[in-house]
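> Chains as they are written, first to last, in our numbering: chain E, 1 to 489; chain B, 1 to 489.
Don't read these hints as lab results, they were simulated from the structure.
Among these hints, one or two may not hold up.
Any copy will do: because identical chains look the same in the list, a pair fits if it lies in one copy or spans two.
Stated by the list, open to error - Subject to a maximum C-alpha distance of 25 angstroms in a straight line, what follows is the list of computed SDA-like cross-link-like pairs (lysine to any residue): (1) 311 - 367; (2) 311 - 259; (3) 311 - 383; (4) 393 - 335; (5) 393 - 370; (6) 393 - 337; (7) 311 - 387.
Number of protein chains: 2
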Amino acid sequence: MSTDDAAPQSSTQPPAPAFDPAVRAFVAGHRRQLVDELSEWLRIPSISADPSYADEVSRSADWLAQRLLRAGFPSVEIWPTAGLPAVYAEWPSGDADAPTVLVYGHHDVQPADPVELWETAPWEPLVRATEFGEELVGRGAIDDKGQVYFHVVGLAAHLATTGRTSPAVNLKLIIEGEEESGSLHFAELLETHREALRCDVVVVSDTGVYGRDAISVCVGMRGMVEVALDVRGPSGDLHSGSFGGAVPNPATVLARIVARLHDENGHVTLPGFYDDVIALTDRERDLLARLPYDEVRWLVDAQSSATYGEKGFSTFERIWARPTAEVNGIWGGYTGPGGKTIIPSEAHVKLSFRLVAGQSPSQVRPAVTAWLEMLRAEGTIPDGIEVVPVYDKAGVGPFLTPLDHPALESVTRSMARAFGTEVLYTREGGSGPQAALAAILEAPVVFLGVGLPDDRIHAPNEKADIEFLLAGAEAAAYLWTDLASTWGR
Amino acid sequence: MSTDDAAPQSSTQPPAPAFDPAVRAFVAGHRRQLVDELSEWLRIPSISADPSYADEVSRSADWLAQRLLRAGFPSVEIWPTAGLPAVYAEWPSGDADAPTVLVYGHHDVQPADPVELWETAPWEPLVRATEFGEELVGRGAIDDKGQVYFHVVGLAAHLATTGRTSPAVNLKLIIEGEEESGSLHFAELLETHREALRCDVVVVSDTGVYGRDAISVCVGMRGMVEVALDVRGPSGDLHSGSFGGAVPNPATVLARIVARLHDENGHVTLPGFYDDVIALTDRERDLLARLPYDEVRWLVDAQSSATYGEKGFSTFERIWARPTAEVNGIWGGYTGPGGKTIIPSEAHVKLSFRLVAGQSPSQVRPAVTAWLEMLRAEGTIPDGIEVVPVYDKAGVGPFLTPLDHPALESVTRSMARAFGTEVLYTREGGSGPQAALAAILEAPVVFLGVGLPDDRIHAPNEKADIEFLLAGAEAAAYLWTDLASTWGR
Chain E
1 MSTDDAAPQS STQPPAPAFD PAVRAFVAGH RRQLVDELSE WLRIPSISAD PSYADEVSRS
61 ADWLAQRLLR AGFPSVEIWP TAGLPAVYAE WPSGDADAPT VLVYGHHDVQ PADPVELWET
121 APWEPLVRAT EFGEELVGRG AIDDKGQVYF HVVGLAAHLA TTGRTSPAVN LKLIIEGEEE
181 SGSLHFAELL ETHREALRCD VVVVSDTGVY GRDAISVCVG MRGMVEVALD VRGPSGDLHS
241 GSFGGAVPNP ATVLARIVAR LHDENGHVTL PGFYDDVIAL TDRERDLLAR LPYDEVRWLV
301 DAQSSATYGE KGFSTFERIW ARPTAEVNGI WGGYTGPGGK TIIPSEAHVK LSFRLVAGQS
361 PSQVRPAVTA WLEMLRAEGT IPDGIEVVPV YDKAGVGPFL TPLDHPALES VTRSMARAFG
421 TEVLYTREGG SGPQAALAAI LEAPVVFLGV GLPDDRIHAP NEKADIEFLL AGAEAAAYLW
481 TDLASTWGR
Chain B
1 MSTDDAAPQS STQPPAPAFD PAVRAFVAGH RRQLVDELSE WLRIPSISAD PSYADEVSRS
61 ADWLAQRLLR AGFPSVEIWP TAGLPAVYAE WPSGDADAPT VLVYGHHDVQ PADPVELWET
121 APWEPLVRAT EFGEELVGRG AIDDKGQVYF HVVGLAAHLA TTGRTSPAVN LKLIIEGEEE
181 SGSLHFAELL ETHREALRCD VVVVSDTGVY GRDAISVCVG MRGMVEVALD VRGPSGDLHS
241 GSFGGAVPNP ATVLARIVAR LHDENGHVTL PGFYDDVIAL TDRERDLLAR LPYDEVRWLV
301 DAQSSATYGE KGFSTFERIW ARPTAEVNGI WGGYTGPGGK TIIPSEAHVK LSFRLVAGQS
361 PSQVRPAVTA WLEMLRAEGT IPDGIEVVPV YDKAGVGPFL TPLDHPALES VTRSMARAFG
421 TEVLYTREGG SGPQAALAAI LEAPVVFLGV GLPDDRIHAP NEKADIEFLL AGAEAAAYLW
481 TDLASTWGR
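Bound-form chain E, shown alone (with noise of 0.2 angstroms):
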């Protein structure tokens, strides 16, 4: 990689040492085992989100519990929820001063749809050419199926080079079954299992790089609630032409609601939303500044033509450091071919409020009801209009990782050996349940991930670069190795 662009971000972050050639060339060797065991894990369509598909969520857990033993964990578990189950794994170091490491992953994954803009069949996974070498394209290759199976290789790795029978450390993986679905029942998982789960550090490989030429380390995840409006007005659709003009159209009010989500300046007009956001010091601001960015590739990672947003920030400050309000599917009345000259008698939203550190998912729900009875008074929600706001999950809070941790320090080590370059440090807009480990496990939480900007998680065509897979198992070989000797209890 080139770093032409981008000063050191740290003076005091040591040069790595080089790639172990025994591990790259382990690694190198397996890369048609990864691919083959991968695409054959992604033919099951762990759908979360969608009731229907828990069948294959079940599968998807006895297909990994299964490649797990075969990799030689001692003990493999699968863990019902009260929703879908996940997988715990565990292979003690046999050292007595071995740290205890606890890998988070997820397995099951988005829906496909919509399915007609997928250029190839998102449940086929295929292996294409690309300028860079190769992608592998199907519905969670990268989010998180490819994250959770690198793993494997890593610690094939780790055991073959260092002639070790068991890891250096103690090993843990936990991986989920919810986390597309806003991990509902994963805080209750974490209390149930809190004595098997104990662990020094969390190692959480579902996250990404800054880019191909950016190798980077993320310290932070937003977090997430999600909320839908049902807003309420005729009991049945009427004519519109027999009563257009004289009720109110629940249609019209949902888009005025929806429109009065942001202020003129972008920021989300719910009270007190911003009360307990901590804000960036001018050191973070700083180094924010100095990643290499590009607004030209980043609209291309973006597919779009402009970028927008909240006033007085950085296009990285309000992806990862800024709190939003995002609508994620609108609809109501008729939609069909043709035309149907009604006023619907509902319509609705789905939104999503990412969080940044200091604000907390239980803090939403009584800021949206404080809203609604806002626009209520202002007039924009009418008499005649109903609006309900539904919750289906509790929401996951956002995560910050001290940048001063030892763990992060060895985690930045083992990226840097893998890829042979510097390592950055990064957030990430998405979320996760990360909050949960950190708060239930009294645990670190660090970022083992591999993604690319470009990877198209959640969207038509997710893909996974094979390099990128291929050099996350040989950080996780180094990182055991690491953590062991510069990190004991």
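On the provided structure of chain E, position chain B as indicated by the hints.
Just chain B, lined up with the frame of chain E:
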């Protein structure tokens, strides 16, 4: 009926003659035939808005043509169009000075969705007892098959009770098959058959009375233009975590566009939209204000708990004499079960504008264009978002019958005899092809309609009051005699 709460509407309206016992007895004796035959017709789902129902619309035309042949029309034709077929029938009077009357109706119907809200099967018509008699429930019962069919019974009554072997007027029927999808080819059809359709007056049977206790004749209808807006942002759906807050969200922008459709007073914001509106005169406002208006009851018919609309206008003025903009449907992003935290690539809305006397459908398209330019200039539509208006149809013009027209007096008398009550004047908020009829055929248009405000046209559980359909038949029987005796050419 009681007129206690309604002052006589016009002191110049002479008392109507009493009803004709022979006509009434004939019509009453054909009640069972009306229910059975109309039900047979209603079982044909002649939905014109959905191309997959084209065969059903043809079946409906065939059914009607057969029925009119059996009624005695010497000439019945099915007139194909570039879209869906119309039915034409003609029965000359034989009297040299008989006026020529063209009856207009339509045999296509609205879609039945949302089907789950029907209490009966929409295509299996059912007679239900009500506190007033009986109603026939099914799609098209009143809009408009019921109102076409009552002419079959009315004409039979006219012939049987006058002893005539042909009608007292030269009777023509044009029953189109595309009214519910915007009468796309109706103007062309009228042009093509202008000679055959030549007439002295058009009688439109596709409207309603003011209420069960306030029988009225409609003197005007609103026009309509429909437009869909396609709002496009990112070229694919995006992860709302990775990109949320930094790119424009098409669903959010769509909401802001719709929110700007009206100002704070409920006025439509399209530039120049009101420029050519013929304002209500003081006398017209007085006449409308004299109609009995019971807001509680109106709200029951509107299935709403509150009125809402343009400031400074009454409910009648809002629905009959003021142009409107309504959302008929809105959609974009993920609308399935569970959640999918995306920024959608596209969002869409179906809008319809109702027009009043003075306005022309052709003015709406440039006004929408200017409006979108205004929204772009003010920043409501940001860079990165494209908005494309889509027009499937040319729209229909508004219509207003001159209040002093002699044919309107004949209709008023015939309705007064059939219902045994003074007849008031209303307008209709809906839209129809009357403007094209009047403009192309250069003939005055009057309305003979017996729909009720609670007939749920275009909505689930559409019904027709059987007593009102029979009264419509009776009024039609009188009308041919009245027109022939008072309004020969």
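> Which earlier hints turn out false for this structure, listed by number in ascending order?
No numbers; nothing is violated.
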